Every structure is written in structure tokens, then in C-alpha cells.
Amino acid sequence: DTAVSQTPKYLVTQMGNDKSIKCEQNLGHDTMYWYKQDSKKFLKIMFSYNNKELIINETVPNRFSPKSPDKAHLNLHINSLELGDSAVYFCASYGGETQYFGPGTRLLVL
Amino acid sequence: GDSVTQMEGPVTLSEEAFLTINCTYTATGYPSLFWYVQYPGEGLQLLLKATKADDKGSNKGFEATYRKETTSFHLEKGSVQVSDSAVYFCALSDSAGGGNKLTFGTGTQLKVEL
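So the protein lines, in turn, are chains Y and P. Just add 41 to the spot in the first sequence (first one is 1) and you have the numbering used here. Just add 88 to the spot in the second sequence (first one is 1) and you have the numbering used here.
Next comes chain Y alone, as it looks inside the complex (with noise of 0.2 Å):
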């Protein structure tokens, strides 16, 4: 079984459009984050969500709008993409005391 899983891994779309990002975890944790990764591997987090509350927003563009329906659902929604959104995506969830990702998702931007 899959612990954090993320769809879809590959994500083509030309600039301007809205997409998502889902991410689910099966492990039980009430935490979970979203981290960016640039073309360099630079690693970056963008939110963390408590139990469907937000708690981490690392200034990122409010055309980036998590979502939690519930405590194992963390979906990534992007508004009017751009260029420099190009990047790999991971979710990650937290519990003891270790943070645990999922295969991530590769966005290219046209």
C-alpha cells in the first residue's frame, strides 16, 4: 500500500490555465505539507495544513490555493499558471516525528 500518494505524476499544460494536484495519505497523520522542488532539486515547503487548518503559508502566490476536505486529503490547487511554476511538487505527511513524501508531481508549463 501506497502510504502518500499524489495524481498525477506528470501535469503538461500551457500558461494561463488552472490546474490541481491531489495528494492522500493513508497513514493516519493529522499533518501535511506541500514542498516545492526547482530545476536545481531545491527543496522549498509551501503550506502545511493540522487537521484540515492551515498552519505553514511560506509566501507563496495566492494564485496557489490548498485544500483540505479532510485530514488525509491535501489537494494543490494553481490558478492562471505560469512559466516559473514549472517544478516537481511533493506532499509530504508527518508523524513521528518524521515527514513522509509522496512520488511527487512533475509540472511543465508551456
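Simulated from the structure, these hints should not be mistaken for lab results. Be careful, since some hints might not be right.
Below are the BS3-like pairs computed for lysine-lysine, each with C-alpha atoms no more than 30 Å apart in a straight line [said to hold, decoys possible]:
hint	chain 1	residue 1	chain 2	residue 2
1	P	Lys165	Y	Lys81
2	Y	Lys63	Y	Lys93
3	P	Lys148	Y	Lys81
4	Y	Lys60	P	Lys156
5	P	Lys148	Y	Lys50
6	Y	Lys82	Y	Lys93
7	Y	Lys77	Y	Lys93
Selected chain P positions facing chain Y (in silico; Cβ < 10 Å) [claimed, not checked]:
hint	residue
8	Phe122
9	Gly129
10	Leu132
11	Lys137
12	Thr139
13	Phe192
Since we're looking at a predicted model, the values are computed, not measured. Note that beta-carbon positions come from the ideal geometry of N, C-alpha and C, so glycine has one too.
Chain Y is fixed; fit chain P onto it per the hints.
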């Protein structure tokens, strides 16, 4: 704020060579320290962790010791294999303000050749 500094890569080694990847950190509190590994085309996997000073984390032949006096958490392996080729990330976890966010270093690519 918190930060993590790793040695730049790529690091290229022959199989069975000794590996060291340096990592130092800056933090206001008492963070937990982690090494994550990212194999090509995959997500991040936890390799090892240490939650307090002088703890040694170890896994799959890799080890790292939490050194508070030198604010370091260097990754070592005595004999690398081709299958260890990956990008290695040092990270610290800061629970201040809630959320246990991870701050990552820039990653070090390791290439192991026959």
C-alpha cells in the same frame, strides 16, 4: 532563520570507496536532523535521522552523528555501491510555531561508478 548548508556536488566515486557528504546547520532551537535520499525520477525517502545531540542515525550502511558543538550532521558510508547513486538531502525539522517544517539543504548528487 534556520538554514542547512551541504557540500556541492556532483560527487563521483568508484564502487567500494568511502563516502562523506558534509552538512552543517543553523537553528535557533534544538532541531531534529535528517538525511533524505532521492533516486532518479522518484520522491524523497528518509534515509536516517537523529533527534538530539550525540545521537547517531544509521540505515543501509549509512550513518550520521548529530554534533551540536560543530552544528554538523555529516553523512558517511564505508563502501558505496553503484545503487547508491542518487541525490542526498540534509534537512532539519523546526517545531517552533507548530507544523514541524523541514528546511532542506541544496542536495548533493552522488554518482558511483564501477
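task = May I ask which of the numbered hints given earlier this structure violates, with the numbers listed in increasing order?
result = Structure breaks hint 4 only.
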